[in-house]
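Position one of the sequence shown corresponds to residue 4 (the numbering used here), numbered consecutively onward.
Calculated directly from the structure, the hints in this document are not laboratory data. Note that this is a predicted model, so its numbers are computed, not measured. Quick reminder that beta carbons are idealized off the backbone N, C-alpha and C, glycines included. Hints are supplied without guarantee of correctness; some may be wrong.
[Said to hold, decoys possible] Think about it this way: if two alpha-carbon atoms lie no more than 20 Å apart in a straight line, the pair counts; the simulated SDA-like pairs of lysine to any residue are: (1) K118 / W177; (2) K118 / K217; (3) K124 / L45; (4) K322 / N337; (5) K392 / D402; (6) K193 / H40; (7) K151 / A122; (8) K219 / Q97; (9) K181 / K272; (10) K32 / E176; (11) K9 / N301; (12) K9 / S23; (13) K272 / R98; (14) K193 / G208; (15) K153 / R126; (16) K227 / N215; (17) K272 / S314; (18) K9 / T340; (19) K118 / N215; (20) K151 / D174; (21) K217 / K227; (22) K272 / L228; (23) K181 / R126; (24) K272 / K392; (25) K217 / W177; (26) K193 / R98; (27) K124 / Q97; (28) K181 / L45.
[Stated by the list, open to error] Cβ-Cβ distance ranges computed for the label pairs, FRET-style: (29) G208 / L183: 15 to 25 Å; (30) G410 / G208: 40 to 50 Å; (31) R224 / F257: 14 to 24 Å; (32) E223 / E180: 48 to 58 Å; (33) K226 / D164: 37 to 47 Å.
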Amino acid sequence: MIDYPKPSELMREWRPHLFSDSSRVAAYKLGRSEFSHWLDTLTERNQHKDFEIFCRHLCERIICPNLRTQTGPEGGGDGKVDTETYAVSVEIAQRWFVGDANAATERWAFAMSAKEEWAPKVRSDVKGIVETGRQYDRIYFLTSRPVKAKRSHDLEKELADEYGVPVTILDREWLIEKTLENGFEDLAYKDLGAGTYEPEKELIGPNDFRRNQKLKEIEERIKKLGDSRSDQTQLVSDTYEAARLSRNLERPRFETEGRYNRAINLAKKSGSHDQVLRANYEYCWAMFWFHDDVEPMNRMYEEIENIALSSGTAADLSKVGNYLNVMMSHAARNFETAEYLNLEERSARMAEQLTAMSQNASRPNNALHAETLLVLMRLHDEGSRNDPKALESIWSDLDEIVGRSGGL
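Using the sequences plus the hints, can you model the full thing?
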C-alpha cells in the first residue's frame, strides 16, 4: 500500500513561503506526564491561587476572553466565584476569534479547585454561586483532578436539574489537552512554574517577524474600528487578512479557524459577494492544505457552490471546481471514499452547470471560460487513465478554444 504524503506536506514542499519560517524547536518544554504530576501535586506546593490564575488565563484563550480579574480572597471569598464574565456589546463580541459569543451577553461563573475531593467541592461551589442570587446563565468548574466522563456527565446533570443552571466540569485531562495541543505551555510555565523555558531557542524567522507585527497591528485596528460604512468595509478586509496571517504563521488551529469564522460572519454581515465567497473558500482551503482536514470542504461544498452560482460567472464556479479536483485526488489516494465525498453527484452537477454557462451566447467571455473548465474536467478524469487518444482530443479542444478567444 502506497504511503501518500498528507496535503500539508505537499503544500509545504510546493510553497514553503506560505508556512512559518521560525525555528520548530519549542522554547517552552512540558511533557504530558510531567504536567499531569504537577497538577496532581499543586496542594503540596500551596499553589491554589496560582491554579486559579492559570485556569482564568486558559479560559480566556479557549472559552471567552471577557473574564474579570478577582481581587478578593482565595476560593471566591464572599463573591463565591473565582472569576466571571463581564458584559460586552454584541458588536465587540463579533470581533472575537476565540470563545463563545454568548458570553458577551450572558453571565457565566467560574470556580476552580485543586482539592483532591473535587465532588463535594463542586457541589458546594455551585450551591454557593446560585445562592448569591446573581442569576448566572452557566457555571464552569475546573479541577486539577482526573474525573471519569460518566461521573462528570451524571454530576453535571444532577446539579443542572437541582439548580436550573447548566454546569460544565472541566478536569485535569481537559487542562492538559488544551494546554499542550494548543501550544499554551507558556501559561503553565508563567502561572504554575511547570516545565522549562529556553529563550535562546525562540528563533523568529524574518517572514514570521513581519507577519507577527502585521497581525498585531490588524488585531488592534479590528478592536478600534467603528460602525461607519467605511469602517465596516475595512473590518471585513482586516478580519480576512488576520486569518491568512494566522494560517501562514501556523498558529494553533483553533485560532486560525476562529479567525476564518470571524471573517466569514463579518463578510456575510457587511461584505460584498466576492468577500463572502473568498472568506468561505479560503477557510476550507486552509483547513485542507494546512491542517489535513477535508471535512469543512465536504460539509460546506453545497453552500459555497450556491454562493458561486449566484454571480453567474465561471470564474466563481471554478473555485468550486478546485474543491472537486482536490477531493477527487484525496479519494484516489484512499484518504476518503468517493462515496463519502459524494463525488459522482457533485461532478455531474458541476458539468451541468458549466454546460449551461458555456451555451449562454450573451456572455461570450464567460461562456468560453466555462467551456475551458469543462475540458479541464475531462483532462482531470482522463489523466489517471493514461489514454493517449483521449488526451490528444483534449489538447485539440483546448487549442481550438485558444483560437476562438482571439477576438474576445
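Quick rundown of the hints versus the structure:
no., hint, result
1, K118 / W177, "17 Å, holds"
2, K118 / K217, "43 Å, violated"
3, K124 / L45, "16 Å, holds"
4, K322 / N337, "23 Å, violated"
5, K392 / D402, "15 Å, holds"
6, K193 / H40, "17 Å, holds"
7, K151 / A122, "12 Å, holds"
8, K219 / Q97, "18 Å, holds"
9, K181 / K272, "31 Å, violated"
10, K32 / E176, "18 Å, holds"
11, K9 / N301, "17 Å, holds"
12, K9 / S23, "17 Å, holds"
13, K272 / R98, "12 Å, holds"
14, K193 / G208, "24 Å, violated"
15, K153 / R126, "17 Å, holds"
16, K227 / N215, "19 Å, holds"
17, K272 / S314, "18 Å, holds"
18, K9 / T340, "16 Å, holds"
19, K118 / N215, "40 Å, violated"
20, K151 / D174, "9 Å, holds"
21, K217 / K227, "16 Å, holds"
22, K272 / L228, "15 Å, holds"
23, K181 / R126, "25 Å, violated"
24, K272 / K392, "50 Å, violated"
25, K217 / W177, "32 Å, violated"
26, K193 / R98, "27 Å, violated"
27, K124 / Q97, "35 Å, violated"
28, K181 / L45, "18 Å, holds"
29, G208 / L183: 15 to 25 Å, "23 Å, holds"
30, G410 / G208: 40 to 50 Å, "49 Å, holds"
31, R224 / F257: 14 to 24 Å, "22 Å, holds"
32, E223 / E180: 48 to 58 Å, "30 Å, violated"
33, K226 / D164: 37 to 47 Å, "40 Å, holds"
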